[in-house]
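These protein sequence lines map, in sequence, to chains U and L. Number 269 in numbering that gives the first Met the number 0 belongs to position 270 of the first sequence; there are no gaps in the numbering. Number 136 in numbering that gives the first Met the number 0 belongs to position 137 of the second sequence; there are no gaps in the numbering.
Misleading hints may appear alongside valid ones.
As the list makes no split between identical chains, a pair holds if one copy fits it or if it spans any two.
As the list claims (entries may be wrong) - DSS-like mimics (lysine-lysine), calculated; alpha carbons at most 27 Å apart, straight line: (1) 333 / 94; (2) 35 / 208; (3) 273 / 208; (4) 94 / 240; (5) 240 / 41; (6) 333 / 240; (7) 333 / 208; (8) 41 / 208; (9) 41 / 333; (10) 41 / 163; (11) 35 / 333; (12) 163 / 333; (13) 35 / 94; (14) 273 / 35; (15) 163 / 273; (16) 163 / 94; (17) 273 / 240; (18) 273 / 41; (19) 273 / 94; (20) 35 / 163.
Keep in mind the hints are simulated off the structure, nothing from the lab.
The chain contents come next:
There are 2 protein chains.
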Amino acid sequence: MATQRILDFLATRRPTGPCLVVDLDVVRDNFRAFEKALPDSKIYYAVKANPAPEILRLLAAMGSSFDTASVAEVEMAMDAGAPADRISFGNTIKKERDIARAYQLGIRLFAVDCVEEVEKIARVAPGARVFCRVLTDGEGAEWPLSRKFGCVPAMAVDVLRHAKGLGLDAYGVSFHVGSQQTDLTAWDRALADAKTVFATLADEGIVLKMVNMGGGFPTRYLRDVPAAQAYGQAIFSALRKHFGNAIPETIIEPGRGMVGNAGVIKSEVVLISKKAANDNVRWVFLDIGKFGGLAETMDEAIRYPIVTAHDGTETAPCVLAGPTCDSADVMYEKTPYPLPLSLTIGDEVLIEGTGAYTTTYSAVAFNGFEPLRSYVI
Amino acid sequence: MATQRILDFLATRRPTGPCLVVDLDVVRDNFRAFEKALPDSKIYYAVKANPAPEILRLLAAMGSSFDTASVAEVEMAMDAGAPADRISFGNTIKKERDIARAYQLGIRLFAVDCVEEVEKIARVAPGARVFCRVLTDGEGAEWPLSRKFGCVPAMAVDVLRHAKGLGLDAYGVSFHVGSQQTDLTAWDRALADAKTVFATLADEGIVLKMVNMGGGFPTRYLRDVPAAQAYGQAIFSALRKHFGNAIPETIIEPGRGMVGNAGVIKSEVVLISKKAANDNVRWVFLDIGKFGGLAETMDEAIRYPIVTAHDGTETAPCVLAGPTCDSADVMYEKTPYPLPLSLTIGDEVLIEGTGAYTTTYSAVAFNGFEPLRSYVI
Chain U
0 MATQRILDFL
10 ATRRPTGPCL
20 VVDLDVVRDN
30 FRAFEKALPD
40 SKIYYAVKAN
50 PAPEILRLLA
60 AMGSSFDTAS
70 VAEVEMAMDA
80 GAPADRISFG
90 NTIKKERDIA
100 RAYQLGIRLF
110 AVDCVEEVEK
120 IARVAPGARV
130 FCRVLTDGEG
140 AEWPLSRKFG
150 CVPAMAVDVL
160 RHAKGLGLDA
170 YGVSFHVGSQ
180 QTDLTAWDRA
190 LADAKTVFAT
200 LADEGIVLKM
210 VNMGGGFPTR
220 YLRDVPAAQA
230 YGQAIFSALR
240 KHFGNAIPET
250 IIEPGRGMVG
260 NAGVIKSEVV
270 LISKKAANDN
280 VRWVFLDIGK
290 FGGLAETMDE
300 AIRYPIVTAH
310 DGTETAPCVL
320 AGPTCDSADV
330 MYEKTPYPLP
340 LSLTIGDEVL
350 IEGTGAYTTT
360 YSAVAFNGFE
370 PLRSYVI
Chain L
0 MATQRILDFL
10 ATRRPTGPCL
20 VVDLDVVRDN
30 FRAFEKALPD
40 SKIYYAVKAN
50 PAPEILRLLA
60 AMGSSFDTAS
70 VAEVEMAMDA
80 GAPADRISFG
90 NTIKKERDIA
100 RAYQLGIRLF
110 AVDCVEEVEK
120 IARVAPGARV
130 FCRVLTDGEG
140 AEWPLSRKFG
150 CVPAMAVDVL
160 RHAKGLGLDA
170 YGVSFHVGSQ
180 QTDLTAWDRA
190 LADAKTVFAT
200 LADEGIVLKM
210 VNMGGGFPTR
220 YLRDVPAAQA
230 YGQAIFSALR
240 KHFGNAIPET
250 IIEPGRGMVG
260 NAGVIKSEVV
270 LISKKAANDN
280 VRWVFLDIGK
290 FGGLAETMDE
300 AIRYPIVTAH
310 DGTETAPCVL
320 AGPTCDSADV
330 MYEKTPYPLP
340 LSLTIGDEVL
350 IEGTGAYTTT
360 YSAVAFNGFE
370 PLRSYVI
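Isolated chain U (complex conformation) (with noise of 0.2 Å):
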């Protein structure tokens, strides 16, 4: 999943330190295969998965729109090129001042999970748009969903009604079936909630108008994943299943499946060595780690390629760690990583798949060591 382009990018400029490389061409190839696989969809780009400015203006350019979590995405979008229009402040979870800040750039789509955030919507965004998202239960994603947001379907009713009686626009439901979710079925479970909110408000005379399909369309680690077309007919198929002939407006928010196969981590190998002589695992720390960049590493959930200039010769079990003073900061330990044998201290290595949820993790000075750098070409 290393371009050309980005193996030119990395042998001409030869950048120290780790770093990540996005290649834009494949976040053009990778919208194109949201718009075609899903042509009836609105696309927001889950701006927090990689924010850079030139994914943003890129995307902003070929008319994708914007999921955003803060006031800062929201002006990130817009000084992309994003008009508000085009722009969902997604996050269950803002200060009321921020709406309203929001709300003064233009935003009029907002996202609820309880009557306590319609109130405070109706407070300072009179008359705007909110969806409201309803729980799923995550199963078949690879990044561990919570319980963090959503409700369950009946209170959904309650909050849109409410959102309703205050004089906002009740404007559809959303869900999130889980990052990396490779069980297509999971969008018919979630659009049979969505059916039933619809349907409970429709005999009140309170009628949806959307609903919010949100992202979870994985990118391809180590395994293979289902490509875009099939998640569009999955999805398609229990659209129609579940609201017939009167399949409301859609939205889908690719993050990971939008820039994760774009990026590569250059990484350096800082030290191998064993614990104990007669070890038979080897320890690989890298100059990158779950402090640096490599947070979805948290519990062995995400589980890199990772190419190196002796692949194809012998290979061995490794435990995976990062270059900081932490106990924690360990990749791959429980199933270690097999790696090749003839891998050496210096060498540097490619992790693939890196394009989202990386740099913005990364902490801001842990140990000493600077911010994950990127490079978009």
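Starting from the known structure of chain U, fit chain L onto it as the hints suggest.
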């Protein structure tokens, strides 16, 4: 643990957004308590715990030495006024060019835990002192200690012998009993291992001079911890038991124990909600979370005391979560946190014991939220 100075600062300055406030008076008291508890040990402050320049300057002026994890931390300590001979490069995982750079800056004390690292040091830091870290089990520590650092004692003998053979000064042994260690016997077990290495090498004519007893000294979170004096007595007894009348030079590396209780994070309640109308556990969302500085809540390891204006009134269990659009950004869920029923959206809360391992762990810009601000007073 929010001192009057901290409370006055917050009341007067009214900083917006989450922030850490550190009281230097507490750091000064902690330094003196360590000096008094272990009068024969040199104190190497673990810079990674909190590298704020004001803290480093205070400690440098008080005569502290510094344990550093990177060239950047070496430079911070020197900028704060520490001479090179009071600085240890204590990370066992170093790039050869970083060792060379530290050597150029005058650093002569390096940590190792394998022959590969010894060889780097011999090449670019000739004649330097090295100490070899031995593995400990970390039992009794609240922050997980993996096998990442150190080697078994038998291998430490080989490593130090190798160092001597390459012209380095085989200077001593180090260990770390695990951060937030509340079992006073942990030092006894580790010192027994250290003594084994000393004795084995002495038989070969290699006389080690120093034991680096690392950190692990706890700070008070929700439960009382033994005072520095109790640690001092336990450690001195263990030294006497294992080394008799030939107690070597000793070093301690407090980080959390030096600054943990000196800092308080001010945060705001962004949202309080439920997931279903009949839920009995509230979700309380703060404007700081796992990615904004509270990384040590990972696996609910560190449980911070939280002070509200409603303390003393009836409480009920809450799930406590951060403000980002990341489902992993939940601090306490398995063991809900009791908070006052009268807690309200917009309330300020104080998170105590947050002087260590917060600011630098903070993500650089996750979800567009700026890194944790810090005021040292």
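Hints and how they fare:
For a Cα distance limit of 27 Å, the shortest separation of residue 333 from residue 94 across copies, 26 Å, qualifies, whereas the shortest one inside one copy, 40 Å, does not. For the homomeric pair residue 35 and residue 208, the shortest alpha-carbon distance inside one copy (22 Å) is at most 27 Å, but the shortest distance between copies (70 Å) is not. When the C-alpha separation of residue 273 and residue 208 is checked against a cutoff of 27 Å, the pair qualifies only between copies, where the shortest distance is 25 Å, while the shortest distance within a copy is 60 Å. Taking CA atoms no more than 27 Å apart as the test, residue 94 paired with residue 240 passes in neither setting, with 38 Å inside one copy and 58 Å between copies.
Taking CA atoms no more than 27 Å apart as the test, residue 240 paired with residue 41 passes inside one copy only; the shortest distance there is 20 Å, against 72 Å between copies. For a Cα distance limit of 27 Å, the shortest separation of residue 333 from residue 240 qualifies neither inside one copy, at 42 Å, nor across copies, at 37 Å. For the homomeric pair residue 333 and residue 208, neither the shortest alpha-carbon distance inside one copy (47 Å) nor that between copies (37 Å) is at most 27 Å. In this assembly of identical chains, residue 41 and residue 208 lie within 27 Å of each other by CA distance solely inside one copy; the values are 13 Å within and 69 Å between copies.
Taking CA atoms no more than 27 Å apart as the test, residue 41 paired with residue 333 passes in neither setting, with 40 Å inside one copy and 37 Å between copies. Taking CA atoms no more than 27 Å apart as the test, residue 41 paired with residue 163 passes inside one copy only; the shortest distance there is 24 Å, against 67 Å between copies. Taking the closest pair of Cα atoms, residue 35 and residue 333 never come within 27 Å of each other, the shortest separation being 40 Å inside a single copy and 42 Å across copies. When the C-alpha separation of residue 163 and residue 333 is checked against a cutoff of 27 Å, the pair qualifies neither within a copy, at 50 Å, nor between copies, at 35 Å.
Proximity of residue 35 to residue 94 under the C-alpha cut-off of 27 Å is found in neither arrangement, the shortest distances being 37 Å within a copy and 47 Å between copies. Neither within a single protomer nor between protomers do residue 273 and residue 35 lie at most 27 Å apart by alpha-carbon distance, with minima of 50 Å and 38 Å respectively. For the homomeric pair residue 163 and residue 273, the shortest alpha-carbon distance between copies (20 Å) is at most 27 Å, but the shortest distance inside one copy (64 Å) is not. Taking identical chains as interchangeable, the C-alpha atoms of residue 163 and residue 94 lie at most 27 Å apart only when both belong to the same chain, with a minimum of 21 Å there against 61 Å between chains.
Taking the shortest alpha-carbon separations for residue 273 and residue 240, neither the intra-copy value of 57 Å nor the inter-copy value of 31 Å comes in at or below 27 Å. Taking the shortest Cα distances, residue 273 and residue 41 never come within 27 Å of each other, neither inside one copy (52 Å) nor across copies (30 Å). Proximity of residue 273 and residue 94 under a CA criterion of 27 Å is satisfied inter-copy only: 17 Å between copies versus 49 Å inside one chain copy. Within a single copy, residue 35 and residue 163 get their C-alpha atoms no closer than 35 Å, and across copies no closer than 66 Å, so neither meets the 27 Å cut-off.
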